[in-house]
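Chemist: Given chain P's structure and the hints, the job is docking chain S onto it.
Protein chains in written order, with the UniProt record's numbering: chain P, 1 to 307; chain S, 1 to 972.
No lab work stands behind these hints: they were computed from the structure. It is possible that some hints are incorrect.
[Stated by the list, open to error] For each label pair, taking beta carbons as the anchor points, the in silico distance ranges come out as: (1) P:V298 x S:P275: 23 to 31 Å; (2) P:L295 x S:V143: 35 to 43 Å; (3) S:P275 x P:L295: 12 to 20 Å; (4) P:G198 x S:E50: 50 to 58 Å; (5) S:S302 x P:P301: 23 to 31 Å; (6) P:I160 x S:E770: 51 to 59 Å; (7) S:E905 x P:M234: 43 to 51 Å; (8) S:T714 x P:E167: 38 to 46 Å; (9) S:D633 x P:R296: 30 to 38 Å; (10) P:V298 x S:D153: 25 to 33 Å; (11) P:N292 x S:N102: 55 to 63 Å; (12) S:E905 x P:K196: 52 to 60 Å; (13) P:L295 x S:P918: 31 to 39 Å; (14) P:E167 x S:C732: 18 to 26 Å.
The C-beta atom is built at its ideal place from N, Cα and C for all residues, glycine as well.
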Amino acid sequence: MADAAATAGAGSSGTRSGSKQSTNPADNYHLARRRTLQVVVSSLLTEAGFESAEKASVETLTEMLQSYISEIGRSAKSYCEHTARTQPTLSDIVVTLVEMGFNVDTLPAYAKRSQRMVITAPPVTNQPVTPKALTAGQNRPHPPHIPSHFPEFPDPHTYIKTPTYREPVSDYQVLREKAASQRRDVERALTRFMAKTGETQSLFKDDVSTFPLIAARPFTIPYLTALLPSELEMQQMEETDSSEQDEQTDTENLPLHINTDDSGAEKENTSVLQQNPSLSGSRNGEENIIDNPYLRPVKKPKIRRKN
Amino acid sequence: MPPTGLEPARMNRKKGDKGFESPRPYKLTHQVVCINNINFQRKSVVGFVELTIFPTVANLNRIKLNSKQCRIYRVRINDLEAAFIYNDPTLEVCHNESKQRNLNYFSNAYAAAVSAVDPDAGNGELCIKVPSELWKHVDELKVLKIHINFSLDQPKGGLHFVVPSVEGSMAERGAHVFSCGYQNSTRFWFPCVDSYSELCTWKLEFTVDAAMVAVSNGDLVETVYTHDMRKKTFHYMLTIPTAASNISLAIGPFEILVDPYMHEVTHFCLPQLLPLLKHTTSYLHEVFEFYEEILTCRYPYSCFKTVFIDEAYVEVAAYASMSIFSTNLLHSAMIIDETPLTRRCLAQSLAQQFFGCFISRMSWSDEWVLKGISGYIYGLWMKKTFGVNEYRHWIKEELDKIVAYELKTGGVLLHPIFGGGKEKDNPASHLHFSIKHPHTLSWEYYTMFQCKAHLVMRLIENRISMEFMLQVFNKLLSLASTASSQKFQSHMWSQMLVSTSGFLKSISNVSGKDIQPLIKQWVDQSGVVKFYGSFAFNRKRNVLELEIKQDYTSPGTQKYVGPLKVTVQELDGSFNHTLQIEENSLKHDIPCHSKSRRNKKKKIPLMNGEEVDMDLSAMDADSPLLWIRIDPDMSVLRKVEFEQADFMWQYQLRYERDVVAQQESILALEKFPTPASRLALTDILEQEQCFYRVRMSACFCLAKIANSMVSTWTGPPAMKSLFTRMFCCKTCPNIVKTNNFMSFQSYFLQKTMPVAMALLRDVHNLCPKEVLTFILDLIKYNDNRKNKFSDNYYRAEMIDALANSVTPAVSVNNEVRTLDNLNPDVRLILEEITRFLNMEKLLPSYRHTITVSCLRAIRVLQKNGHVPSDPALFKSYAEYGHFVDIRIAALEAVVDYTKVDRSYEELQWLLNMIQNDPVPYVRHKILNMLTKNPPFTKNMESPLCNEALVDQLWKLMNSGDDGTYFCKLKIK
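Chain P with its partners taken away, still in its complex shape (with noise of 0.2 Å):
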């Protein structure tokens, strides 16, 4: 953020001060811009009148000129973003200077005085070289629908695809053999996980981790998860119920005459509807029709009960 609004600060001022003394090309580039403003601090005080100045008061009002515009640099990017931009505008800069209690109409009359003193623009140093992330290949233009001061395109990496097609395992001994091992690897996993998260028990005294076995577990209802069919199963029921029905009619001549559902309730119900044909309205309003003593509401007590 400093170095943002040190950014944004030097850019608004507009100067640039040059000197090619190496050492680190970051430390270069503060210290000619540092420099830059020690020419402007005194010029602006050749303009006010002085002929000469001290040192160390010459650093302190290019501090001072610092911190001031890198305090407008700052203020001005946290107005733009929070108006939700990132590249601050004049009118950010306005309202900063606003704040800050400087009169911006006297602006411009102060830029365009007479006997200001016009500083030649600093050679161009270089630039910190701010490691750039990983650019592969060219990015893309903007195609003519989208207008230029959109963004640019991201580097194409991030969106180019080269589908590649491996040719499909169709081989359906080695597409068993996977989902098995698969499986199998899933079960194990799962298993040695829970016994090793778990309490376990141990068919051997010395080692209880090759054939860890979860604990047993009481349960206060045994018999709901025996019975229940479990929501996989559930689910199993209901995929292969869609997809097996024109295979029913294997099973009319089984010996075991299990009639599966479908085809058994067929034949219940003609058989239902031949017995009794007022029963056949019961589909629709199944609960109006049924007089049953169990679905009957329950009675009031009767008052003369009540002592």
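Modeler: Same frame as chain P, now just chain S:
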């Protein structure tokens, strides 16, 4: 003891009334049972009963009723306080002083105790004195109303409370209570005349929590809130005269399902199980239709209720107009194996509604008629529903069961007649218990009794034809239903009681046939017949010389005299011969029709008219006999050991169309391990038209033959290529097809074959590596994703197969079993078991079949010395709170461990569970398993057999509050 019970009842009956003499000096006409408070927390019940009785003798001053474990507060007769004495001798069967401690002594004492309170002898635990103010009233034989206030606290029998310990109200917790018991045990939960022969009308009232439902007998007249609106009272009326023993109750937060096909039928189940209930009961109306059609009689009650409850005492219990089932019978549409079993239970209970509930019995010795008829019509239902093959297979199975039991334990007597009580006359002296009372029987005996009863009914049918049989039933029912609609005063109610003599009279009236010899042979006499048969063919005379011997001296046998059918399959066809079995004739000459082998090309006619080509090269060129069957219709209760050549058995297996014959030949072929037998069995296995159960038993026979032939066996292990061809992918034979169980025959075969294959052994008596890999591959590639049905039973059988493949570990001087010296094959097996058992915790299978199989397999590994023998795992699975099937499997392992390792500690643990487990079924089951697989036997030295144990068992037997402890535990 006043001799009131022996006085002949003075009843002015009409002439047609087939003399039923009540053992009581009074007649009950109506009873009110009102239970106005049920506390699930404390497991207690408070209520009253009111019995309306008519004295039948003038000097009636004591009234005996049945009541057990109830606390009786107050008895009033016609609003006058009455004194009463309560004494239950079965609470302490043998008194403390007894020095004699043997089964005989106990059995006698127990029989005496039961008989002292037997309502059929006019006795009872509760003796009420009629107040003197009423004596005059009694002398005029005027009505008495006996009002008894009682309560019941923590009942040990009769009523069973199930109260899961979770948060929430009792209804939210799924707490429920239901009546249960063996035979007439209604006295456990309210005072009554607990006899099947004392009928009366009923008014039943139950006040329960507003969130609960009380289901009981008869019509629900109304449901009324109590005035605080927190409870409601269910009012039931049962206008059909019913015995107290057929009264029942179930209270719980049940979900209610009105049968969509029959609106007067209502089903109840515990919360969350409604979808299963819908599916399970969707079939019931067909059973109704079937019975009503064959009996040409409407269902006698105006409504019917089924209740499915947890911790059931027995799987099926039938009471007047309602049946109580175990909730574990419920299943979804995905379950194959349970479906026929559950439907059988439904059909069984419904048959008992007609005979057992509606029609009751006069005395205990008439029980066989009821059990026989209900079992018989249930059999007819089986025949219609599952087909003739299944029916004949079932009959054969039942016959084998009863024959095995009688030969082992001694005869089962259907119609015991007790003389003067002399020990000598005791018809059941070979048994360690008395058969005078239902309560003194062992459970196994009673099961066998029922089995024999329906088989004998079938014999009667063979004799008089089914048509007459059904006419007799119809007659009994229509008499009863006429009687049931009469008022008490008409004295017609005894028409609703069946007796042996009445039943037989009815048979002779309807059919005009004399079945007395048959009854004498099978009903009045115990034992089965044991035939040994062999034959020779006399070429000169062209006669088959058949020799049939009988063993009638061994226990459980009897001599048979009479006709015996023999079927001979010859080249020219199948011929029936009826031999007359007489005292001394052993040999029977049967002329043959065919002149040995004349032309080879001719087709051979079978019994059913079918003509088939046979390869006759295997048979004896001089003899025209293909196979011989003795008593093919199973019209004698017998065991036949018949000798014929192996090729004859093979022909019988291949070409005889009767499944029973096929099964017999499979059994016989075990003794002939030859390539020809192998071929015959393989052919049967492959034949899709063949009955699937025959094919299943062929698998096991083939495994046995292969083991006997191990040194000469060629080719892949038995059944492997067959299985591959039938169930594996065409392209990759080592991978099984994805499961599709639409064809149930194939499904059962697919399940069974690997289990049988795992029994194969190589020359070193080990399971061939190839077979083990094969089974492991089946497990690995098992894929049920596309299947309409659950594969839980299939996977469980795969684990059974793994267990079958285990052979004893080679142990070097009894080293301790550790992981390091684990056999690599066993390691693979253990890997699978571990994974399956652990997966069960995450994705439990239906009825936890897989856990059950895993536990059994682990015990097998322990027993064979691969895994250290340790009962700890099983004990944890045996705890209360696991699903009952798991508990039983685990307990079985503990029982086995107790025997093998002679562990006193485990025996104590088991005995403790026998005394304290909350579920009666489990308690009985442990005892049952201990008697089947006893930790030590009579003549064996065992550290377990000590004085303390004897004491403990003796105490246990004596405290029989449940009346069903039959520790035939080998004491002394």
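Chemist: Does each hint fit the structure? Answer for all of them.
Modeler: For each hint, the structure was consulted:
Taking 23 to 31 Å as the suggested C-beta distance range, the pair P:V298 and S:P275 conforms, at roughly 26 Å. Hint check: P:L295 to S:V143, Cβ distance near 38 Å, so the stated range 35 to 43 Å holds. With their beta carbons about 19 Å apart, S:P275 and P:L295 fall inside the hinted range of 12 to 20 Å. For P:G198 and S:E50, the Cβ-Cβ distance of about 57 Å falls inside the hinted range of 50 to 58 Å, so the restraint holds.
Range check, S:S302 to P:P301: Cβ separation about 26 Å, and the 23 to 31 Å hint holds. One distance hint, 51 to 59 Å for the beta-carbon pair P:I160 and S:E770, holds here, with the actual separation near 55 Å. At roughly 44 Å, the beta carbons of S:E905 and P:M234 sit within the given window of 43 to 51 Å. A hinted range of 38 to 46 Å holds for the C-beta pair S:T714 and P:E167, which are about 43 Å apart.
Take S:D633 and P:R296: their Cβ atoms lie about 53 Å apart, and the range 30 to 38 Å is violated. Between P:V298 and S:D153 the C-beta distance comes to about 29 Å, which sits within the given range of 25 to 33 Å. At roughly 56 Å, the beta-carbon separation of P:N292 and S:N102 lies within the given 55 to 63 Å, and the hint holds. Separated by about 31 Å at the C-beta atoms, S:E905 and P:K196 break the suggested range of 52 to 60 Å.
Range check, P:L295 to S:P918: Cβ separation about 34 Å, and the 31 to 39 Å hint holds. For the pair P:E167 and S:C732, the supplied restraint of 18 to 26 Å holds, since their beta-carbon distance comes to about 19 Å.
Hint check: violations occur at hints 9, 12; the rest are consistent with the structure.
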